[in-house]
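K.L.:
Sequence:
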Amino acid sequence: MDIRVLGGLAVRTEDGYLHLGTPKQQLVFAMLALEVGRLVTLDGLVDELWPEEPPRSAVPNVRTYAANLRRSLEAATAGRVTVAREHGGYRLEAEPSQVDLVRLTAGWHQARELAEAGDRLGAASLLTDVIGAWSEPLLAGLRPGPTLAARREAVDRERQAAVELFAELRLGSGGADLALPLLRAHASRHPLREPAQVLLMRALIRTDDLSEALAVYQATRDALAEQLGVPPGPELERLHRAALEARRARRRSGGGRVEAVPNGRSADAGRGPNWLPRVVTDFVGRRELVERMLDDITTGHETGPVVRVIDGMAGCGKTTLAVHLANRLADRFPGGQLFIDLGGHAEGAPVPPASALVTLLRQVGLPAGRIPGELPDRIEMWRRELARRRAVVVLDNAADSAQVEPLLPVTGRAVVLVTSRRRLLALTERPSVSLPVLSEPDALALLTTLVGEQRVQADPDGAAEMVRICGGLPLAIRLAGTRLAHRPAWSMSDMARRLAGKPAFLPRLRAEARTVVEAFAESYEPLGDSAKRVFRSFGLVAGGHLDTAMVGALTDLSLDETADLVDELVDRHLVEEIADGRYRLHDLMRQYAFELSLQADPEPVRRAAAEGLLDHVLHSVVVVSAPMEEKRLVDLQLRLKAPLRPDLLAARLPGDLEWLEEHRLNLNSLVRQAAREGHEALAWRLARAAWRFFYMRSYFDDISATHGEGLVAASRAGDRHAVALMHNYLASACVRTGAYQEASAHLHEVVSIRAELGDVEGTQRARVNLGVVYWLTGRIREALDINRAAVRASVLDSLPVLPNLGLTLRFLGRYDEAMAVHRLQLFVARVRGDQFHLSNALGHLGGVRYRAGQSAQAERLLRASLALQDRTGNGFARAETLSHLAGTYRQLGRLGDALRHHHAAIETAANSGERHVQAEARNELAVTLRAVGRQEESAAMFRQALDIATRIAHPYEQGRALSGLAEHLADTDPEEARRYRQRALVIFERMGVPEQHEIRQLLAEVRPHRA
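Each residue of the sequence shown is one higher than the one before, counting from 96 in my numbering.
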């Protein structure tokens, strides 16, 4: 028996294919087959079949399906394969190797192990068979529930990794020409997957096809910018420069072949990114420990990833040691040096693993849009990316093992250094390195680097007493030594006496901080009043770091004065400069600054400082985001007052997305701080101001977190306008992450509140947004009602609404009405001189003519739309227009033109990221392939369309693909064809589209076979 879950679900026996029953019964079998030999719970099956509202008969129905499957399997295999009923669920009793996915996954894992062991030839040979057999998606043709949908995504990612490893092996063995066909298909299928584009560019450069390599870069750059709003990663940029240089060199040499080498490095051996903070230049001591750890790490990484934990009390130098080790290891681990502060002992909550993974994945160059929304998927992606790199990762300031464990690799040869004040025993079998305070010789050596050898030797007893009072802690010694360096007339003993005379601790400071407070106080007290105020202000901020303008907003000082004072704090080691113009405090120092502020600054002063910072950050985000926003809408929604410090906004540049990227985590922290400290109006406004950046970069977790806090703040303030605003933008994140029910709930709240406020425009805008959700979920009649009402109300600008109205009418088969709407769109666009909507209206009119079979008129309209798009540079809906023109050529019998335009439509849809159009274009191409007699290619294309449509839950294209597959199966497997048509009919009837009539007629003509 052969159980196939890749492609369509099927069971093949010696006597032929086994009938698996209804679609829901097939889902039951799919769940059991994917967990062959393991128990699948009854609750899990019910949730998969009815994820929203299970009927009362759900459990009996599942039992019936299982019983039917048991009878069929036992009859076909003489009892060798069966569905066993056990307590709480069912289990498929079969050999795991009988399931195709199990066999192929085992082959892929074996190939990966061979590659890691150095047997590249054996790995490539095995992958040739695996990839050849693994060509179709999981459970094509079935509409899965949540569990199977997640499994489908995971299986697809496994295949992507297998293809990329195979291509890597081919490139490494000089077989770039052999890798090219596979890479072209893979890169075309995943246009936003940078590793795929990198591999394709490398193969093209190796085969001296520099023009196509540059075209791949251009297409990828455009797709990333248009869909994700991000630039290409560093590896793509390096390859781009390499191809350009090679082309210039070829021209200089008269056209001969020239090897492309990016920046003097091999295209395969480029150094990875370095995200480590600035190195301490006076690192001393711990020589024996450093050498021992380096030897241990370089020996251990040969057998797999290395995880080492460094624990110790605050201020003992854990972070400094980890960063020093990471820099020492950089040459041996060229895949990159990554760093994240997990905030385990800072004010506020530690960084959750999900957020940490976003930061780490961005550091390795992945666009945010490619990072999945669910934590298990992020963990899988992170581990897969890390397995491909010999990198060093520093996970600093960990709270506990639960925070760190999801961030650790399980394969590959990466090194992870974890620092924590706690002993994290669960992370690794090796004991952690418990970092003691500095020994007296090492402590004196550090002091010597700060004040000079002559002063230490002049008063050795005083120096010894000084480091004793500092408790051997590098942080305390560094502060005291810096203070002493500024007082050349003081001796070591003078400083020791001053330290000994300081108060032991501040009332609210934790006990672990009391050993360094003497050094803190000795560095703080000599400061002038303004410098003291600047230092205390750092303790009032929840964010991870501040720039100079932000400190100026906190303290109400000028930018120049602020810069001078911050430089003084940096010189005295009270503040760290982590990058040019970006500053932070050690978490102990932050606590000390906060305690000082509580004692020295009245509550109104502290509140005014926080308000000044929040106001500045809010206006900064608005300025930077201005090129991406519609000013009228921002003004209407935010209702901003003038900035408190307009002079500080001169440092902000419109469109400076890197500034927003650098402060992404700060924005989250500051919204949370504003909401929790009573700055409600600033909390929701800052969340909304940051929305456009978060949305463009696909930071949907950040939208949910900031707007969730904004919603709480707005509700507490009783600001109904703000509450509606927060619901509206929470819905945007839900739509993009597929949480359509939540999106609908949020938007219904917006409609209700806007109506309650008498905000007619806001109500209509929310209803139109709700119509988008209805369209996505196949509720076309409801979308039609909403768009029609919006046009009749004449509250919103009609141009953005008319295309949606015409589109819904077209899909309902009401072609005359759709034509009338799009003619109105065309008329309004002409009157206004709006070239965008002019080309859009022409394309929609051509689409209606094509669907109505009016081919000659359709061709003229569609070609006019494309010509206008070319002239204006507007590529919106171009893929759909190309697809319709291809179908028109098919109707006209110009099949060669049709095929060319189909392929152009698929490529354009891939570049633009319009996934529903990707499905539509494949369905259209499949029809043409069938018309030219290429039946197998046609069926494969329908399956691709079905896979894409199912992933994005786009029911119309799902129904079209099912119907097309049924046509292919009608002669060879009429029962299966009937089942496909029945599924398509359910979809089309629910949507109310005219395709239901043809399907119903076909089902009536072909009666089910009876034995």
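Where hints are given, some of them may not hold.
[What the hints assert, rightly or not] Between beta-carbon pairs, the in silico distance windows are:
#1 Y112 - N369: 52 to 62 Å
#2 A737 - G623: 43 to 53 Å
#3 E1093 - D730: 42 to 52 Å
#4 K726 - A951: 25 to 35 Å
#5 V385 - A745: 44 to 54 Å
#6 A658 - R734: 26 to 36 Å
#7 G813 - P326: 36 to 46 Å
Think of the hints as simulated: they come from the structure by calculation, not from any bench. Since the structure is predicted, the reported quantities are computational estimates derived from the model, not experimental observations. The beta carbon of each residue, even a glycine, is placed where N, CA and C say it ideally should be.
K.L.:
Does each hint fit the structure? Answer for all of them.
P.N.:
Tested hints:
1. Y112 - N369: 52 to 62 Å: Roughly 56 Å apart at Cβ, these two residues keep to the hinted range, so it holds.
2. A737 - G623: 43 to 53 Å: 31 Å Cβ-Cβ, so the 43 to 53 Å window is violated.
3. E1093 - D730: 42 to 52 Å: holds, 51 Å
4. K726 - A951: 25 to 35 Å: violated, 44 Å
5. V385 - A745: 44 to 54 Å: holds, 45 Å
6. A658 - R734: 26 to 36 Å: With Cβ atoms ~33 Å apart, the hint holds.
7. G813 - P326: 36 to 46 Å: holds, 43 Å
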